[in-house]
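Enquirer: With the hints as your guide, set chain B onto chain A.
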Amino acid sequence: MTAIINISLKNGVLDSQGKAVHHALDSLHFENVEDVRVGRQVIMKLTQEDEAKALEEVTQMCEDLLANTVIEDYTIELVK
Amino acid sequence: MKVGIVQFPGTNCEYDTQYAFEKLGAETSILWHQETTIADDVDLVVIAGGFSYGDYLRSGAIASKSPIMKAVKAHAESGKKVLGICNGFQVLTETHMLPGALKRNEHLHFISKHHNLKVASSSNDFLSKFDNSDVVNIPIAHHDGNFFIDQDGLKALYDNDQVLLHYCDKDGKVSNPNGSVDSIAGICNKAKNVFGLMPHPERAMEDVLGSSDGIKMLEGLM
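In order, the protein sequence lines correspond to chains A and B. Those letters in the first sequence? Residues 1 to 80, per our numbering, in order. Those letters in the second sequence? Residues 1001 to 1222, per our numbering, in order.
Pulled out of the complex, with its shape left as it was, chain A reads as follows (with noise of 0.2 Å):
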């Protein structure tokens, strides 16, 4: 199973890569941006076929490490 993860700055958080690129997507002339955030990927391949097992472990993951909760969401994608 792999899993697929996203972590980005909260909502309320300013994102400055996200407006640093949003600023250079308008000087290309891409008018219909509204708004960009840039975050991380993380993608594991885990030997948990149980997925349940599986998210319950890489949710955990993403509070003890992957994460800094305090300034960043995630969203877990499994995939098998």
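Just so you know, the hints here were simulated from the structure itself, not pulled from any lab data. Be a bit skeptical, because a hint or two may be false.
[Said to hold, decoys possible] Where chain B lies over chain A, by a calculated footprint (3+ residues, C-beta under 8 Å):
id, segment
1, 11–24
2, 66–74
[Claimed, not checked] The calculated label-pair distances, taken between Cβ atoms and stated as ranges, are:
id, chain 1, residue 1, chain 2, residue 2, range
3, B, Asp1040, A, Gly12, 39 to 49 Å
4, A, Gly12, B, Ser1123, 24 to 34 Å
5, A, Val13, B, Leu1209, 47 to 57 Å
6, B, Ala1191, A, Val33, 40 to 50 Å
7, B, Lys1002, A, Asn6, 41 to 51 Å
8, B, Ser1128, A, Leu25, 25 to 35 Å
9, A, Glu49, B, Ser1029, 45 to 55 Å
10, B, Asp1152, A, Leu28, 17 to 27 Å
11, B, Asp1152, A, Glu56, 26 to 36 Å
Computed from a predicted model, the values in this text were never measured in an experiment. Ideal Cβ positions, reconstructed from N, Cα and C, are used throughout, including at glycine.
Expert: Frame of chain A; chain B shown alone:
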């Protein structure tokens, strides 16, 4: 006075820190990140600046999970002092020994220059040699120094007198180099024995290098 200075792979200010504390008369030792205990006679643990683990994942994140940090936590819980400078401050927020987090600088640049700081509270050991509103000149050198804390957390910091330093200009007026909430440059924990700041007092120990204001800071911990 014995000072233990933590060294991770990628730490690069440990020897400057050692020089600074030895100049003040302390006996120092380097504590390797894989050590699991800190000697009982160490009075102060300093987490020095640098780029522990290459700043991979987030600045300070991987260092915060290393064996020595459990010992640093135990050292702090016994009431002894801990100081985190720059990357050390990031490590202390990642271990939740200090509240908040350090984000990428608002304008995304690495900033390396001397900066003025205003003392917000001198009712703690670290800044005990100063008066409130004193202005000091200390170098900053960081990419992720943008201090973030939510409104409730900020209120708690002020209510408990935990805000140590604000970035300012030479006249003491607010001047924010990196987007930190309320221009905060350093904080301490509620018990006032764990201190963290982004500026480098250990690099401000000699007039010939531009400032010796760091002496008065580090002396407070002696």
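Enquirer: So which of the earlier hints does this model not fit?
Expert: Hint check: 5, 8, 10 fail, others pass.
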